[in-house]
Amino acid sequence: MANKSILMYGDVQIYEEDLASVGPGMWLNDTILEFEYEFFEIDAFSDQSSIAFIRPAIVYLMTQFIDPDSLEGVWPPDLKSKQLIFLPINDNQGDQAGGSHWSLLVYYRPTNAFYYYDSLHDANRKLTETYKSKLAKLINTSPQSFFVPIPTPQQENGFDCGIYVLAITELLAKRYQQIDKDLTMKPGDNALWRISNSNLTAEHIQEFREALFVFISELATNYL
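Note that the numbering used here gives residue 64 to position 62 of the sequence shown, counting from 1, and the numbers run on in steps of one.
Worth double-checking, as some hints may not be accurate.
In silico lysine-lysine, DSSO-like type, Cα no more than 30 Å apart, as pairs [stated by the list, open to error]:
(1) 128 / 82
(2) 136 / 188
(3) 84 / 128
(4) 84 / 6
(5) 176 / 82
(6) 139 / 128
(7) 139 / 6
(8) 176 / 188
(9) 136 / 176
(10) 139 / 188
(11) 84 / 134
(12) 188 / 128
(13) 6 / 128
(14) 176 / 139
(15) 176 / 128
(16) 136 / 84
(17) 84 / 188
(18) 134 / 176
(19) 82 / 6
Each pair of labels, with its calculated beta carbon distance range [said to hold, decoys possible]:
(20) 6 / 200: 25 to 31 Å
(21) 216 / 129: 19 to 25 Å
(22) 81 / 25: 29 to 35 Å
(23) 80 / 6: 22 to 28 Å
Since the hints were made in silico from the structure, they are not lab data.
Note that the structure is a prediction, hence the values are computed from the model and not measured.
Backbone N, C-alpha and C fix where the C-beta goes; we use that ideal spot for every residue, glycine too.
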C-alpha cells in the first residue's frame with residue numbers, strides 16, 4: 003500500500019505513516035518532531051528570534067561526525083548568537099534510521115549550561131554527555147560548559163518519549179517568552195528549567211498527543 007504524502011509544512015513533508023505515529027500507543031517518528039519544531043520556529047514562537055529549535059536530523063548529523071566544523075554550513079547561520087537552543091537527542095548511533103528513545107538537551111547561553119531532560123530514567127544521559135563537547139564548539143561556547151540534569155516527569159510506557167520532548171520544549175519556550183531577558187542567572191538557578199509532575203501529568207501528555215494528531219490532520223485536510 004502506497005505511503006501517501008498528506009502535507010508539506012515549511013521544509014517538512016508528512017506522509018500517512020508519519021501521522022500514524024502520532025496515534026495512540028505509537029512511538030513518535032523523526033518527521034513529526036521535525037514538523038513540530040518547524041511549527042515552533044515559524045509560527046508559535048516566531049517572535050522569539052533568540053531561540054533556536056534544531057531539527058532532529060541536524061542533531062543526528064552532528065553526533066555522527068568526528069569534526070563538527072564540517073557541519074557548520076548545515077546549522078542555522080546565526081546559531082552562535084542564539085540564547086536558547088533546543089536539541090532533541092535520539093539514542094541511534096548507527097548510520098541507518100533507527101533508535102528507540104528521545105530525550106532533550108537545552109542550551110542557555112547566559113548560564114553557559116546544557117540542561118538535560120529524560121522521561122526514561124536518564125536512559126540517554128551518558129550518550130548525551132559525550133555529545134556535549136561537539137555541540138559546545140558548534141554553538142560557540144566552551145567545552146567546559148555546565149551539564150545540568152533536570153529531574154523529569156517519567157513516562158508510564160515505552161512510547162511517549164517523543165511527546166515528552168515536544169511538551170517540555172513548548173513549556174520551556176513559553177516560560178522564556180515571559181522572563182526578563184536581562185535577569186542574571188547562574189547554572190544552579192533552576193527555577194526556569196524545573197518541571198514538576200504537575201506540569202506534565204500522564205493526562206497532559208495524552209492530551210498533547212491527541213491535539214497534535216488533530217492539528218496535523220486539519221492542516222492536511224486544508225492542504226489536500
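Results for each hint:
A C-alpha spacing of about 25 Å is found between residue 128 and residue 82, which places the hinted pair at or below 30 Å, so the restraint holds. A distance of roughly 23 Å separates the Cα atoms of residue 136 and residue 188; the hinted pair therefore holds under the 30 Å criterion. At roughly 25 Å between alpha-carbon atoms, residue 84 and residue 128 fall within 30 Å of each other, so this suggested pair holds. Between residue 84 and residue 6 the alpha-carbon distance is near 37 Å, which puts this suggested pair outside the 30 Å criterion.
Taken as a hint, the residue 176 and residue 82 pair is honoured in the structure, with Cα atoms around 22 Å apart against an allowance of 30 Å. Between residue 139 and residue 128 the alpha-carbon distance is near 19 Å, which keeps this suggested pair within the 30 Å criterion. As the CA atoms of residue 139 and residue 6 are separated by approximately 40 Å, the hinted pair breaks the 30 Å bound. For the given pair, residue 176 sits about 20 Å from residue 188 by alpha-carbon distance, which is consistent with the 30 Å threshold.
With a CA separation close to 27 Å, the supplied pair residue 136 and residue 176 stays within the 30 Å bound. Straight-line distance between C-alpha atoms of residue 139 and residue 188 comes to about 21 Å, which keeps the hinted pair within the 30 Å bound. Proximity of residue 84 to residue 134 is assessed by CA-CA distance (about 17 Å); at most 30 Å being required, the pair is judged to hold. Pair hint residue 188 plus residue 128 holds up; C-alpha atoms about 24 Å apart against a cutoff of 30 Å.
Under the criterion of a C-alpha separation no larger than 30 Å, the hint pairing residue 6 with residue 128 is inconsistent with the structure, at around 38 Å. With a C-alpha separation of about 27 Å, the suggested pair residue 176 and residue 139 falls inside the 30 Å cut-off, and the hint holds. Restraint check: the Cα-Cα separation between residue 176 and residue 128 comes to about 28 Å, which is no more than 30 Å; the hinted pair holds. The suggested pairing of residue 136 with residue 84 holds, with an alpha-carbon distance near 17 Å, which does not exceed 30 Å.
At most 30 Å may separate the alpha-carbon atoms for a hinted pair to count; residue 84 and residue 188 meet this at roughly 18 Å. Simply put, residue 134 and residue 176 have alpha-carbon atoms about 25 Å apart, close enough for the 30 Å limit, and the pair holds. Taking the CA atoms of residue 82 and residue 6, the gap is about 38 Å. The hint is violated against a cut of 30 Å. Between residue 6 and residue 200 the C-beta distance comes to about 40 Å, which lies outside the given range of 25 to 31 Å.
The hint said 19 to 25 Å for the Cβ distance between residue 216 and residue 129, and at roughly 33 Å that hint is violated. At roughly 34 Å, the beta carbons of residue 81 and residue 25 sit within the given window of 29 to 35 Å. Take residue 80 and residue 6: their Cβ atoms lie about 36 Å apart, and the range 22 to 28 Å is violated.
The structure is inconsistent with the numbered hints 4, 7, 13, 19, 20, 21, 23, although it conforms to all the rest.
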